[in-house]
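Chemist: This is what each chain is made of:
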Amino acid sequence: MKQYIIRRIIYSLLILAGAIVITFIMVRLLPGDPIRAAMQQNVDLNDASIVEEVRARYGLDRPVHVQFFMWLIDFFKGDWGTSLSSGEKVTAMFWRRVPVTLELFVGATIWAWVLGIPLGIYSALNRNSWLDALFTSVSVFGISIPVFWEAIILIYFFAVFLQVLPPSGYVAFFENPIENLKLVLMPTFVMGTQSAGGLARYVRSSFLEVLGKDYIRTARAKGLREKAVIFRHAAKPAMIPVVTIIGLSWGGLIGGSFIVELMFAIPGVGRMGLDAVFARDFPIVQATMVVVSLNVLIMNFIVDITYGYLDPRVRLIK
Amino acid sequence: MAAVTTEEFEPRRKSNVGFLAIVRTLFKHRLSLVGIVIIVFMFSLAIFAPVLAPYDPLEQDLDNVLKGPSIKHWLGTDDLGRDLLSRVIYGAQVSMTVGVACTVFSLIVGTFLGLLAGFKGGKTDQIIMRLVDMVMIFPGFIFILILAAALGPGMINIIIAISLFGWAGAARIIRGNVLSTREEPYVDAARAAGASQWRIMFKHVLPNSAAPMIVAAALGIGGAVGMEAGAAFLGIGVQPPTPSWGRELRIGYTYLATVPLFSIAPGMLITLAILAFTFLADGLRDALDPRIRGEGKKM
Numbered sequence: 001m002k003q004y005i006i007r008r009i010i011y012s013l014l015i016l017a018g019a020i021v022i023t024f025i026m027v028r029l030l031p032g033d034p035i036r037a038a039m040q041q042n043v044d045l046n047d048a049s050i051v052e053e054v055r056a057r058y059g060l061d062r063p064v065h066v067q068f069f070m071w072l073i074d075f076f077k078g079d080w081g082t083s084l085s086s087g088e089k090v091t092a093m094f095w096r097r098v099p100v101t102l103e104l105f106v107g108a109t110i111w112a113w114v115l116g117i118p119l120g121i122y123s124a125l126n127r128n129s130w131l132d133a134l135f136t137s138v139s140v141f142g143i144s145i146p147v148f149w150e151a152i153i154l155i156y157f158f159a160v161f162l163q164v165l166p167p168s169g170y171v172a173f174f175e176n177p178i179e180n181l182k183l184v185l186m187p188t189f190v191m192g193t194q195s196a197g198g199l200a201r202y203v204r205s206s207f208l209e210v211l212g213k214d215y216i217r218t219a220r221a222k223g224l225r226e227k228a229v230i231f232r233h234a235a236k237p238a239m240i241p242v243v244t245i246i247g248l249s250w251g252g253l254i255g256g257s258f259i260v261e262l263m264f265a266i267p268g269v270g271r272m273g274l275d276a277v278f279a280r281d282f283p284i285v286q287a288t289m290v291v292v293s294l295n296v297l298i299m300n301f302i303v304d305i306t307y308g309y310l311d312p313r314v315r316l317i318k
Numbered sequence: 001m002a003a004v005t006t007e008e009f010e011p012r013r014k015s016n017v018g019f020l021a022i023v024r025t026l027f028k029h030r031l032s033l034v035g036i037v038i039i040v041f042m043f044s045l046a047i048f049a050p051v052l053a054p055y056d057p058l059e060q061d062l063d064n065v066l067k068g069p070s071i072k073h074w075l076g077t078d079d080l081g082r083d084l085l086s087r088v089i090y091g092a093q094v095s096m097t098v099g100v101a102c103t104v105f106s107l108i109v110g111t112f113l114g115l116l117a118g119f120k121g122g123k124t125d126q127i128i129m130r131l132v133d134m135v136m137i138f139p140g141f142i143f144i145l146i147l148a149a150a151l152g153p154g155m156i157n158i159i160i161a162i163s164l165f166g167w168a169g170a171a172r173i174i175r176g177n178v179l180s181t182r183e184e185p186y187v188d189a190a191r192a193a194g195a196s197q198w199r200i201m202f203k204h205v206l207p208n209s210a211a212p213m214i215v216a217a218a219l220g221i222g223g224a225v226g227m228e229a230g231a232a233f234l235g236i237g238v239q240p241p242t243p244s245w246g247r248e249l250r251i252g253y254t255y256l257a258t259v260p261l262f263s264i265a266p267g268m269l270i271t272l273a274i275l276a277f278t279f280l281a282d283g284l285r286d287a288l289d290p291r292i293r294g295e296g297k298k299m
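Protein chains in written order, with the working numbering: chain A, 1 to 318; chain B, 1 to 299.
Careful: at least some of the hints might be erroneous.
A few chain A residues that face chain B, going by a derived Cβ cut-off under 8 angstroms, partial list only [what the hints assert, rightly or not]: (1) L13; (2) I15; (3) A19; (4) S137; (5) I143; (6) I145; (7) F148; (8) W149; (9) I152; (10) I153; (11) G255; (12) V296.
Below, a list of computed lysine-lysine pairs in the BS3-like style, where the Cα atoms sit at most 30 angstroms apart [what the hints assert, rightly or not]: (13) K213/A to K182/A; (14) K222/A to K2/A; (15) K28/B to K213/A; (16) K213/A to K227/A; (17) K203/B to K120/B; (18) K123/B to K2/A.
Source of the hints: derived by calculation from the structure; they are not laboratory data. For glycine and all other residues, C-beta sits at the position ideal for the given N, C-alpha and C.
Using the sequences and the hints, build the whole thing.
Modeler: Printed below as a string of structure tokens:
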């Protein structure tokens, strides 16, 4: 097991290094001169010497590979650079936004669990009933619906038509808990829909597989009540693969948060990254991308280790 | 003489019965039938747009902006007085083109690299698969968004961006299948008969590892349609005045309270398109799996 973990760590670091290189190349490819874009307002751009001076201050005049290693060392020292457009430290901007995005993630996960797991279990237990058919269609719908359209429909229905929820905005939980919950209700639902649909399908097939096992027949044969069979004997083995799939949906959640934060005007990490892409704010885009890939990597790592722990066969291959 | 022997075995290898069985299962699968109908509808919209659309999608009528549905304009007009129905019909062209093109490119590159990785193994496998891991560590939408922004506006660039992400998933799927196919006795037989490596790869291993790719292709088209719409929603990719569902949705979103159809109609079509391909993929997955095919499963 120890060896397996060490191997996974080395492998993860390798992937992270590659992802950082890819990020760096993509960000450098963004068209437009960030220095000129950022300076537009205050300086006479015809004065080339000023532009070059600022460029040198941000280290953007050095060869690309030098920039890369400078940035890499700084990044792991905790210095993610300075925003080109606001002049603020990227780390400060980032940490201020993390709680906001984290709240959305927690909310989305709750929606996914609350909707996905019961639906999946019900479908599995009542296979081929009309409700199973309905739930299966609904979960495919949940997986397919694009977040931006779902957001629009919800905003139209609850904020414009019924006027029971505010359309967008954000208030910190500790400032006004009720207002906060009202505001995150729709965005978290939108973010969680896809995971909920995927989870329902996964739970259904996982349960169906377990219910066909010999030990379930034995449990029934010895006269246990159906409830005991399902919750004491079937649920545990059926939920083990499900728990790990939850980790894998992390990447999708992050992707969804970019658009959701934009549409509901929520000042989170995704919104920051998205704005930075359009403003050509290199340091922010870079930092966001690396943090995002690091997140997915850690989640995958946890999933791998869990799998290795639960299933000894996994440890031996590769 | 060799050609004659192959011909002799051709009928059995093609196995028409199997193919028909797959089609039959597909049509029995209710949801995938719905999917097929929607897909045919979408492609008809794209191909026959000039005939179907009641107006020129680019023709502005500034006296009639942001009007709700009427007899003249079934879905109303947009912020420049253009007929929404015509724009939505023409929007199918971008979505379907991007969906199919991205999937074709992703599959060609992904299949080739996945086949190479799975068949050659060793260092080749390591290099290709680590590259796949590096790409797939990014959430797809974010990767595509930044890449498309870097490449600049235009339909070609959004296709390149989506394909540069899509190949990785295709490569991973095909490699997994190749790993088991290459151990089959007929591969050993071909090798013993003196077939070259490339011949074995493309003639024997590839055709027998390709079934899951059909499912992946259906899912891929739906996924690409969604990605393109998402990028267009953010102003990346296809540029105005070309009608595109994602862009319509974005502009319509601004007028949600007054002209809801402006954003709801294009969004409905995006969702329907993705849904249709997901349904089709579900049906194909069952139809291609001989164990399920026999059961005559309905859902």
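Chemist: Indicate, hint by hint, whether the structure satisfies it.
Modeler: Outcome of the hint check:
1. Interface restraint check for L13/A: the shortest CB-CB distance to chain B comes to about 12 angstroms, outside 8 angstroms, so the restraint is violated.
2. Among the interface hints, the one on I15/A holds; its C-beta lies about 5 angstroms from the nearest C-beta in chain B, closer than the 8 angstroms criterion.
3. This hint holds: A19/A has a C-beta 5 angstroms from the nearest C-beta of chain B, less than the 8 angstroms allowed.
4. For S137/A, the interface hint holds, the least distance from its beta-carbon to any beta-carbon of chain B being 7 angstroms, beneath 8 angstroms.
5. A distance limit of 8 angstroms between C-beta atoms decides the matter here; for I143/A the minimum to chain B is near 7 angstroms, and the interface restraint holds.
6. The interface hint given for I145/A holds, since its Cβ lies 5 angstroms from the closest Cβ of chain B, which is under the 8 angstroms cut-off.
7. With a cut of 8 angstroms, the hint placing F148/A at the interface with chain B holds, because the nearest CB-to-CB distance is about 5 angstroms.
8. Annotation: W149/A was flagged as interfacial toward chain B, and the flag holds, the nearest CB pair being 3 angstroms apart, inside 8 angstroms.
9. Hint status for I152/A: holds, given a least beta-carbon distance of 5 angstroms to chain B, under 8 angstroms.
10. Because the closest C-beta pair between I153/A and chain B is about 7 angstroms apart, less than 8 angstroms, the hint holds.
11. Taken as an interface hint, G255/A checks out: its beta carbon lies about 3 angstroms from the nearest beta carbon of chain B, inside 8 angstroms.
12. Interface hint at V296/A: satisfied, since its Cβ lies 5 angstroms from the closest Cβ of chain B, which is below the 8 angstroms cut-off.
13. The hinted pair formed by K213/A and K182/A fails the criterion: a straight-line CA distance of about 44 angstroms is larger than 30 angstroms.
14. For the given pair, K222/A sits about 41 angstroms from K2/A by alpha-carbon distance, which is inconsistent with the 30 angstroms threshold.
15. For a cut-off of 30 angstroms, the pair hint linking K28/B to K213/A stands: about 29 angstroms separates their Cα positions.
16. Among the hinted pairs, K213/A with K227/A is consistent with the structure: their alpha-carbon atoms are about 17 angstroms apart, no more than 30 angstroms.
17. Distance check on the hinted pair: K203/B and K120/B sit about 15 angstroms apart at the alpha-carbon level, within 30 angstroms; holds.
18. A C-alpha spacing of about 25 angstroms is found between K123/B and K2/A, which places the hinted pair at or below 30 angstroms, so the restraint holds.
The structure shown violates the earlier hints numbered 1, 13, 14.
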